[in-house]
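K.L.:
Next come the chains, spelled out residue by residue.
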Amino acid sequence: DAMVIQNPRYQVTQFGKPVTLSCSQTLNHNVMYWYQQKSSQAPKLLFHYYDKDFNNEADTPDNFQSRRPNTSFCFLDIRSPGLGDAAMYLCATSARYSGANVLTFGAGSRLTVL
Amino acid sequence: EDQVTQSPEALRLQEGESSSLNCSYTVSGLRGLFWYRQDPGKGPEFLFTLYSAGEEKEKERLKATLTKKESFLHITAPKPEDSATYLCAVQERDDKIIFGKGTRLHILP
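Respectively, the protein sequence lines represent chains W and G. Residue numbering for the first sequence follows this note's numbering, beginning at 1 and increasing consecutively. Residue numbering for the second sequence follows this note's numbering, beginning at 1 and increasing consecutively.
No lab work stands behind these hints, which were simulated from the structure alone. A couple of the hints might just be wrong.
Said to hold, decoys possible - Result set (DSS-like, lysine-lysine): computed pairs, CA atoms no more than 30 Å apart in a straight line:
hint	chain 1	residue 1	chain 2	residue 2
1	G	LYS42	W	LYS38
2	G	LYS96	G	LYS69
3	G	LYS69	W	LYS52
4	G	LYS79	W	LYS17
5	G	LYS96	W	LYS44
6	G	LYS96	W	LYS38
7	W	LYS44	G	LYS63
8	W	LYS38	G	LYS63
9	G	LYS63	W	LYS17
With the hints as extra help, turn the sequences into a complete structure.
P.N.:
Structural data, given as C-alpha cells:
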C-alpha cells in the first residue's frame, strides 16, 4: 500500500543532544510537510517543500532544520532539543492540485526530551 | 490572531445523540477547507474537502457544510467508535495548510 512512513515512532533524547526524524513516502507526492503537535494543541506547521523548493514558517525556531534529498524522503533535524520541543512530529504529503491539497499523514514520531 | 478556531474544545454525547462541531476561519482567498479525524497517538486521517460556500459532503454519520466564514461537521446518531479528535484546516493561495486545535469528541455507550 502506498503510504507515509515515519521513523522512529518514539524517540527519547537528552537535553541538547541532536535528533533526526525521518519521513518516507511511496505516493510520489511533490509536497511534503512537517508539523509539530503538542498535547491538545493544533498541529503547527514548521516547514513545507514543493519539490525541492523549501518554505520555512516565520516562527519556526532556528533550532529546527529540514532536508529533502529526493522526492521520497524528508528529514527533520533538531539541533539542540529543549524541554519545550517534546511533542509529536507529524510528516504529511500531498500532490499539488489546482484545487486543494489533501494531506496524507504518517503515524508520527513522539519525541521525549529528558 | 488564530486563523482557524474550533468549538467546542470538547464534547461528550450519549450514543445516538446528534450534534454539530464548528470551525470558523478568517483567511481570504480560501482554496479549500478540510476536516480530519485524529485518534490518540496517530496521525490525522482525511475526511472531507469543501471548496465554496453552500457546499455539503457526507460520509456515513458525518456531514460537512461550508459558509463564507465557518464550517460545521454534523454527526448524526453517533456511535462510540466515532470518538476521536476532529480537526479543521484551511488552505489559502499557496501550499500552506493551517489547522485548528480540534474538538475532542467522546461518545458514551
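K.L.:
Each hint should be assessed against the structure and marked as holding or not.
P.N.:
Each hint tested on the structure:
1. LYS42(G) / LYS38(W): holds, 13 Å
2. LYS96(G) / LYS69(G): Holds, because 19 Å separates the two Cα atoms, which is no more than 30 Å.
3. LYS69(G) / LYS52(W): Violated, because 34 Å separates the two Cα atoms, which is more than 30 Å.
4. LYS79(G) / LYS17(W): violated, 45 Å
5. LYS96(G) / LYS44(W): Cα-Cα ~11 Å, so holds.
6. LYS96(G) / LYS38(W): holds, 19 Å
7. LYS44(W) / LYS63(G): Given pair LYS44(W), LYS63(G) holds - Cα atoms ~26 Å apart, limit 30 Å.
8. LYS38(W) / LYS63(G): holds, 28 Å
9. LYS63(G) / LYS17(W): violated, 46 Å
In terms of the numbered hints stated before, the structure departs from hints 3, 4 and 9, listed from lowest to highest.
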